[in-house]
Each structure stands twice: as C-alpha cells, then as structure tokens.
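Chain by chain, the residues run as shown.
There are 2 protein chains.
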Amino acid sequence: MQADTLFTRASHYNVFLKQWMITDIAVLRGKILFVGDAGSVGITADEIVDCEERPLIPGLIDIHLHIESSLCIPAVFADAVLQHGVTTIVSEPHEIANVFGMEGIAAMITASKHASADIFYGLPSSVPSTHSRMETTGGSIDVAEAEELIGRFNNIICLGEVMNYSELSANFDRLAAGDMESKSFRLVQYMQNTMPLAAIEGHCPTVRGLELAKLLYLGIDSDHCLQDLEGMKDRLANGMFVELQEKSIRKDIIEYLETHDFSGRYSFVTDDVPPDILAAKGHVDHIVRLAMKEGLSLENVILASSYAPAARMGFRDRGLLAPGKLADMVLLQDTSSDFSIKAVFKSGRRCEAADSAEKHAEKYEEKREGLASPGSRKEPSFPLHFYSSINLNASFSIKKALSLRIPDNKPPASQVSVRIIRKNKENTYTESAIRTLRMVDREVLWNHPDGSDHLDGSDHLDESDHPELEPKLNLAVVIERYTGNSGFSQGLLEGDVLTNGAFCSTYAHDHHNILIVGDNTADMESAFTWVYANKGGICVASGGAVIAAVHLPIAGILSEKPIPSLAEDVESVQSALRALGIAHQNPIMTLATITLPVSPDLKLTDKGLVDVQAAELVESFLFQE
Amino acid sequence: MQADTLFTRASHYNVFLKQWMITDIAVLRGKILFVGDAGSVGITADEIVDCEERPLIPGLIDIHLHIESSLCIPAVFADAVLQHGVTTIVSEPHEIANVFGMEGIAAMITASKHASADIFYGLPSSVPSTHSRMETTGGSIDVAEAEELIGRFNNIICLGEVMNYSELSANFDRLAAGDMESKSFRLVQYMQNTMPLAAIEGHCPTVRGLELAKLLYLGIDSDHCLQDLEGMKDRLANGMFVELQEKSIRKDIIEYLETHDFSGRYSFVTDDVPPDILAAKGHVDHIVRLAMKEGLSLENVILASSYAPAARMGFRDRGLLAPGKLADMVLLQDTSSDFSIKAVFKSGRRCEAADSAEKHAEKYEEKREGLASPGSRKEPSFPLHFYSSINLNASFSIKKALSLRIPDNKPPASQVSVRIIRKNKENTYTESAIRTLRMVDREVLWNHPDGSDHLDGSDHLDESDHPELEPKLNLAVVIERYTGNSGFSQGLLEGDVLTNGAFCSTYAHDHHNILIVGDNTADMESAFTWVYANKGGICVASGGAVIAAVHLPIAGILSEKPIPSLAEDVESVQSALRALGIAHQNPIMTLATITLPVSPDLKLTDKGLVDVQAAELVESFLFQE
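Residue numbers (the working numbering), protein chains in the order written: chain D, 200 to 824; chain A, 200 to 824.
Please note that a few of the clues may not be correct.
The list treats identical chains as one, so a pair stands whether inside a single copy or across any two.
Stated by the list, open to error - Straight line, CA to CA, 20 Å or less: simulated SDA-like cross-link-like pairs of lysine to any residue:
1) 624 with 774
2) 562 with 239
3) 217 with 499
4) 312 with 391
5) 558 with 253
6) 217 with 459
7) 432 with 222
8) 217 with 428
9) 217 with 457
10) 541 with 451
11) 432 with 220
12) 217 with 463
13) 432 with 218
14) 450 with 537
15) 541 with 589
16) 624 with 534
17) 450 with 203
18) 492 with 683
19) 217 with 464
20) 624 with 750
21) 492 with 236
22) 432 with 239
23) 492 with 613
24) 312 with 393
Derived from the structure by calculation, the hints contain no laboratory data.
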C-alpha cells in the first residue's frame, strides 16, 4: 500500500521491547502507519527520508509551562519551540488569566488555533494566587468559569498547578471533612467529578512525608518545583509524578533516576522560559542536554520527554513511535549528549526554521498595521481591548506614589522602624528585615545617603553571611491597574537591588499590576511614564532617560514580535539591569517576582506587604504603641 | 492526626520502588491517607486491622467484561465479584443494547447506581454487530445515541470493543482517506474528538503485521481476544494493550511476560463469565490463579490486575496503594499461587460475603412481589416494559417455523443440497458443509433416521479429522422478537449437537432473538412454549417436557436472582444439555453463539445464514440452475 512518507534506516528505540533497531517508519496523513520492514509488507511512499541510521525519536512533550513567560503570542511560541524538537505543549495561561480572567484564557486559546505545534491548556486553578484582599487581579477563575471554558474548548485537558499547597495542608482536616472551602480545592473536586481522566497538576516545594501525603490525598499528584533527592524519592515512592525543570537537573537526581526504573514517572518541563533564554539556549532540548551531561541515557531521555508526559496527561495519540500515533518526530545527529537536532517533523511534515522566523517578522508588521488602522483586514492576534489594559484614574499622581511617608495620623518623628524585603541574588525567595530610617516631616529618607546608617533591631540579619550586602535601599511601588481606583502600595528592598536607575513593568507576578523599583524617584517616574505611554512593557531608566525597554502591548504581558527580535529587546533590558547592579542571573524575573505573594517570605502586592507563610498582610512601619 | 482505619503490618508491594515492605496503611473517608510508619507521623485510628504480615494488594480491576453474560443485574454482579477481590469493573452493556438500544444502556447504568463495587461502562460500538440487513436487533447505537448517553452518564469512560475488525481492515484505504463511513469507525472518531482521553477498546483475533497496524492507525489499541505468543509480541511491540482472558493463559505467554518487562501493558479480563462458573471458580482471581500456576509472579499479578488496567482506562484515583487512591484492597492469605483471599475492602470497608447472598435473596423476593403488584412500593430493578421484551405477531405459528421446506417456487424433488453449520466441541467457531438431504413434498427430512445417509459433495469435511462426528442433524430456528413481524430463519447443524431434545433461548448472541435448536420438533415446541410463556429465558426440553430452565425476565437476558440460585438454574441447564449430548465445555454458550454473525464461519440470524468472512447472507438450499 501507498504511504505519504517513508522514513528509512531510522535508528528507533522501542520503549516496550527496550531495544534499538534500524527500521522503516511509514507515515500516512500525519500519523504513523507502520514500524518495521516496509518492503516486506509492500508499503511504498511518495517521499523517502533516509535517516542514515541516526536516532529518530518521538517529538518532545512539555506538560508544564506558561507561554506568557516567553512574552510572545502562542503562534510565535509554537514555531520557536518546534525548532527545538518540542511538538506538543500543555500551557497554563495563568498570567493572562490574572489580567483578563476567563476572557484572557479564551483569547489565548483562540490565538493558538493554527499554531504549528500542538498546544493544549491547563485550567488555571490559582487566579488570583491568593485572595482579593491580598492582591487585585483583572479576573478570577472559579467553578463557573471552569465550566464555561471546558464546555467551550476541548483542548483544556488538565487542572493547572494548584499553588496554595501550604493553605491546603494547614487546613487538611477541615477540607477532607468537607467543613471548609478553598477555591483551588473546589476546582480540584470539580475536575475530579466532571473530567475524572484529567490530571491535577501540583506545586509543592519542599513538602515531605505526611504533608505530601495530604496533598496527594486531596488529589494533587504531580510536582514541578525544585527537587532534592530525598524529596523526589518521597514523591516517586508515593505515586506522585515528578516534573523536572532545569534547576532540578543535578548529579544526584540524575544518578538516582538512571540507576532505578522510574521510566514513565517523571518528565522534563520548562515552566517559565524568557525569550532571550529560549533564543540562546533552547527549550526542553536544553534540559535534555543538561540531563545527558549528568549521565541520563538517551533511552531514559526518550521516555521522560515523550512517553512519560503523554501518559501523565492521558494522551492516547502521541508519546511513542508506533502505528496510530502522530508522526511527531525528531531526527538527532547521533546518540551523543549534545542532543543535536538535525530535523523536526510535526505530523510527518518537516519544520523549516528559516521560514518561521521570516513569517513571524512579516506577520508582526502586518499586525502593527492592523492595529494602526482598525478598518484594515489585517487582524490583531487578540481582541482590541487587550491592547489597552492599563486603567489608571485620571487623578492618579505618580509623584505621590513615589513619595514614601508615614500615615498622617501618626506623629512626626525623626526616625521610624521599617519592615524591609531582603532580596538575594541566588533565587526569588526573600527574607524580612527591620531597619530604622530617618524621617523629615513624615517623609522617610530611604534614598538619602545617610538614610540607612542607623541600623537597629534588625531581624534575621547576619552581615557575616552576606559580606557583599550594601546597606543600599530601593523603593518598590505597586500600582493597581485594573479597577480604575489606582490604589498603590510601597515597600523597601535591600540586597540585590538597583543603583542609579529604575525598573518599571506591567509583567509582575502573578497579578501583573504596575511594579516600579528604583533607587531614585526621577528614574522611577521616567520608567513608569514609558510603560504607561506604551500601554505595557518592561522599562529601565537611568540618568533620567529610558535606556532599555520591551514593549508588551497585549494585556501588558505579551508581544507579537518574533522571538529573535523579542529576545534582543529582553536582553537589552537584562543588560541594563545588570549594569545597574542586579547580580541575579535573571534580573527581570528577580524583580518581577517581588510582587508574588505565594513565594516566601515577604512580598509586595498592590495591597501592601505580604507575609507569605502566614498568608497575611503586614504593616511596613512599626510604631511603638 | 486521626484516620478511620489503620491497616498495620501489611506486606505491601510498592510498584514504583519494586520493593516489598511491611508497613502501615492509614485510611480516611474511603481513601488512603498514608503509607508508612503511622506512629512516626502521629497517625492514630478508630479501627485497627492487623494484617499479620500478609500481602495487602490493590483491589482487582477488570476493564473488559459484559455483566449480562452472568445473566444477573449489576447490583448482584457487583456483590458477587467483590467476594473475589474485584473492586472496579468496566462493563460494556452490549447485550442489553442489542435488545433495548440506548434505553437498555441507560437502564443498565441506572440499575448499577448503588452497586457495592465501582461499575464503569464502555459505550457499545457494535450494536448491531453487523448490519440491519443481516440481523434484526431491538436497537442500534450510533453517534446521536453516544452523544446523549455520554452527556447523561459520566461513568461511560471508553468505547467498547470495536468488533468489525475485518471490515475496517479490508476498507482501510477508503476509511483513512475519509472516503467511506463505517458506524464503528464513526464512533471511534466521535470519541477521539469529544473524549480524547478515553480508551478505544478492540477485538481483533489473529490479526498480525500490517493488518494489525491498520487497526492501530484507526485508533483501536487494545485486544482482548485469544492470544498466541507471536501475536501477543506483535501487539505489545506496537503499543497495543493486551487483555488476557482465561483462554490466553498459556505457559509460553506467561513465561514471556514474566521474563520481559511489560508491566503496565497487559491486564486480566473476564469478558463473559456465566453465573455457574462465577459461583464455582471465581472471577479475575480465577485467572490470576491460573497465571500464577503457569509461573507469573505475584508482583506481576499486582501490576496486571490493578496498576495496568487503571492506567489503560486513565483512572487517576485507583490502581495502586498510595496516598489519595481509593482504599480498595485485597488481603491475601499468603504469597502462594493459591491466591487465597482472606478479606476484601472496598473504599476501606470490609465486604461481608454472607450478608450479600442473603440480602440479594431477600431483594429478589421483594422484587417478585413488586412485579406481581405494580402498585407496591417495592420497585423492580428495570423499567416495567423490560419485563415484556418478546413481541411476536398474533398470527405467528411455531409449527410453521419448525417445518423445514424449500420455497414454494422451487419444483418438488426427492432430494436437495443444503448448506450446513458444522459445530465443534472445542470452540465457538463453525465451518460450512454441504449435504444432500431427502425431501418429501418440499419438506426436508432433516431428522429422518435416513435423512443424512446420502452424503454428497460435502465441503471441508474430512471424517478422518473428526472420527467421532455423527451424521446427526439439528434444526436451528431464529425468530425475530422485536418488531412484531416475527420473521424467522432456519438452518441445520451437525457436529456437537443435541440428541432427543431441544433448547430454546432469548439469550442468543448478539441480537438475542429467539433461538430454538433440537433434533425433534416436539421438544423444540415445548422449549419455545416455556420461554415464550415466561417472557424470556433458557429452556431445555426432552421427551416432550421441560427438563431444565433459567428464567430471564429482564429483556429476556437477565435475572434478578442472586448468583448462587442463578448458578444452580444454569448448572441444571448445562447438565441437561450435556445429558442430551453436547460435548463443548459450555453447552449454553456453544448454542447461543450459533447466532453470532461476527464469529467465523457460518452462523444463523433471523435474516438467514451468514457467511461471516464475506459478511454476506448465503442461501440454505443449493438448487441446480
């Protein structure tokens, strides 16, 4: 019989037989028809692809990521990851849901309709990530929204990461007894009842033993957070599916996986990949290379990058090279740990890298035109109002937002104790410190050269641990951009902070209000002004001028630019932030997560300072009663 | 913390670590909370079950069976299999769908609501098993019916076995190109589109190589038919899930599975278990015992009876003993191949055998009362009209149906060539033979002592292969019972047939019209009269009197009796049939599948003789032109 394409002399690993074989793979209408000696069963084909005995492996599958983290639209993202062998992704539109709620999710799914890779979606379970009393978002997702979205889109296939693991664990008895409600758990139960075959994705860093068992009991049975060896063993032994990010690729982890038979129980996921990293290092293939360098065999790589994630999600049409499966395939140069990709085939069709970059550059120009002249037939990717997502009150004063003062009902004094966010350069966790600052007429002199000279009663602070720490402070301001009320909050940062400049972003986890950080109000105002005028983006100002920026016109978090150009913009911002003193390897992220109220210990939302472990707002100023 | 039950000193096999351990298992509200040292994490419980270091394994899961084959209602079936450690089943209500269509499926699902084991359903894909021109059924299932049923019942979780594998394979090119429709393939595509996470169950005996690949290509990726070693290897290597019935448990099969690592890729299924076998031998546990006797390790038994079938169906809440999974557990006496069950726990609750048998005996009496006085509050299990499922025309004459005559438009002659169904005693496949029989006045003398003396031109017949075969004939008559037209067809059987008696049944695969078989018309009429008067059942008559019967009042295929009593009735029929000469180990089945037009080679439906391979009706009488 006649096939469309015959891949000959493919080096194919049969995951069931656990054997490599040189074989033919016949493809018909995008699916694999036959694996074996095609001649012996009389299969001929219109097109022959000679694999020259190189490994032909299933397309890579990434079941946990957020497209928005790459700041691009789904079609651009799909083309970009396809070049890296990724043929199927499950994205959780958590960020855009924080900006536009259900409508944001629907727009994201609609915008991925004709993407070149297969994009499935997880239903965001944690929008907002905490509560409306702790942060203001542009929408929230509860059962009613879930019901409508699932009814409308059949590519929503799982519940996205349940983030409030500490709340669930702390209230386990009441939740298990049905005596208490939690939005994320309500969504878990809704999914279990209406889509019992769908995965419930988890997020449970460092949780162990009985606390881990409680989360499993509640139905949350995967974890994509940073793994240590003992924690990972605990997860695997208790039936939790483990999703390995780049940061979890460590020698001891890989050695354990390679020497035990957990194939099918773990996979690689990228979670958040900024466009500059995507352009420079790659995607799942990058993690695979790291894992192989640490000793993971190609056989286990194949299982962890295709069979296991497909099984986890319940995909029946992909995840291995066998009759009936999609002809999503990656031709490798060889079996070495370089994991060098020679060609990628999506549904049997070869993907051309050059075409894709050009195509998106053209489309981007078309879309700009479309936006400029709304009558034009060149439609933008998202609904028009997504391009005007910053809603500030006409009476909003940026100068007032940038002035740090104690409340008017407090007596003026010469100094005040302030709770300060201690940022570090290693990760995105912060600590809390108390410092005493000088005041003049209720105004706190946070950026005065002498402002932080008078250290007093500082908690947790052990200078000997961090001899590099400067007593340098930054002001952080978060301005609510959804309701039109334009409420704002202020906080102070120390540690890995800016010098002689400012940063402003509408991409600020997870609520994506406007974040401004800087060591002087002039630059802070400049950065804010650029972001506001451009209706969204990330901006760095120094010396009173904008020195780098990424324009994010869609919901304030996405661009329509192709990845190479977007990566350049992002790299310019990263460089600028590094030049202004940020030591963390991902300066944008370390700043944009200052506002994330589910990441320990002390964070700042538009509602104020959040003590993350206590899940409570706390005061900035500590007055003696 | 406080659990409901603590199973202590359980010998537990962790399928991921591949290790046995003595441990505690804590259960809360029917689910497992914790596996490990309960004391070390402060878990106490209201009830302690000391497992005395015996194996505590997950409840057995059977993903392919038809409850109707056990002739009982779902609640009775669930209680019966639970005694054998089976806590979850996936039943395909194929038989009742042939009688009452969509309404039959809905009634079956409704009747299983409060069953003691968890009953899920497969959507029957092959009702009718062929076409309305080849058999008359009481309903048919196509996309519209699928849509309504799936919308209504969330426990329909897969597409039941696609039976017309030879048709699909023969028309592959056109089906793959979308140039041809087939009802079962339409249902496959419907499921793939609307329930992409649902399994598509297959039925593809003896298919190999490219033909097997074609079925996989079309989405059918399991097989529960009789396996031989090479065929099973072909299936496993190509990603097909293998479901092992009792008949597939053979030394070479088990040896291969035990020495290769296919755990997770095969399971045990019972398909059809008559009530007498269920009572005498057991259920999945019986197959497990056979497999263990052939050398399958308890570790592989655990995988094949719980983890693998759960994974195949996509169940996320069962299939292993781990936090969050249902506390469906079987306590074994020891690790020996006796697989002796000491206790069964469904959702943490111990199942009591004695209670169950008594309970059903009581309920049965109640239901009989309820039927006798429709005003009573004791409701029958099924809608009332299910108890009146035989619809014959007032003018129907049983005498005419039992008289075998050539058509009136044919000239009378002294003899006629007749196509005969050759039944054997080993399996349910038949062969076709041609015999020349004497006639008097257009009436064929099939049961005349000399009737079959004149052998002539017999096909396929090799007496030396079957020296035991008697030239004895039975008449088989199939009377259509749904439309009121009461059409009937006639055929002749030889081989493993009845002597001095007759059999009549409304349980006749798959269409369940009325089948009558016998070597004399007097007994055939007696058997028919009993079945008709009792509105359904299986009856054996000999010497002009009924000698054994099973009453099947619901749809003509189900009884409300508890298993022990039903098993007695069935055993009496089996014994009677054996006494009348049937040598096949399951006399009822060998007779009831004479009417199955998807089982090779020659079968008889109400429409006439069916050449199964050709999927065509063929003439009984062969006249010289």
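Inset, instruction - Could you figure out if residue 492 and residue 613 sit no more than 20 Å apart (CA to CA) within one copy, between two copies, both or neither? - result: Neither. Shortest intra-copy (58 Å) and inter-copy (88 Å) distances fail the 20 Å Cα cut-off.
Inset, instruction - Pop the pair residue 492 and residue 683 into one bin, within, between, both or neither, using alpha-carbon distances up to 20 Å. - result: neither (51 Å within a copy, 75 Å between copies)
Legend entry - Identical-chain pair category, residue 312 with residue 391, by Cα at 20 Å: The answer is between: 18 Å across copies meets 20 Å, while 27 Å in one copy does not.
Inset, instruction - Evaluate residue 217 and residue 464 at a C-alpha cut-off of 20 Å and name the case that applies: within, between, both or neither. - result: The answer is both: 16 Å in one copy and 13 Å across copies each meet 20 Å.
Inset, instruction - With 20 Å as the alpha-carbon cut-off, assign the pair residue 217 and residue 457 to within, between, both or neither. - result: both (14 Å within a copy, 15 Å between copies)
Legend entry - Alpha-carbon proximity context of residue 432 and residue 218, limit 20 Å: Classified as between: cross-chain Cα gap 13 Å, same-chain 27 Å, threshold 20 Å.
Legend entry - Same-copy or cross-copy closeness of residue 432 to residue 220 [CA-CA at most 20 Å]: between (33 Å within a copy, 16 Å between copies)
Legend entry - 20 Å Cα threshold - placement of residue 393 relative to residue 312: For residue 312 and residue 393, the Cα distance is within 20 Å only across copies (17 Å; inside one copy 24 Å).
Inset, instruction - Since the copies are identical, ignore which copy is meant and state whether residue 541 and residue 451 lie within 20 Å (CA to CA) inside a copy, between copies, both or neither. - result: For residue 541 and residue 451, the Cα distance exceeds 20 Å both inside one copy (30 Å) and across copies (42 Å).
Legend entry - Intra- versus inter-subunit Cα pairing at 20 Å for residue 450 with residue 203: The answer is neither: 43 Å in one copy and 41 Å across copies each exceed 20 Å.
Legend entry - Alpha-carbon proximity context of residue 541 and residue 589, limit 20 Å: Cα proximity of residue 541 and residue 589: none, with 44 Å in one copy and 67 Å across.
Legend entry - Homo-oligomer pair classification [residue 239, residue 562; C-alpha up to 20 Å]: neither (47 Å within a copy, 61 Å between copies)
When held up to the earlier numbered hints, the structure conflicts with 2, 5, 10, 15, 16, 17, 18, 20, 21, 23 and fits the remainder.
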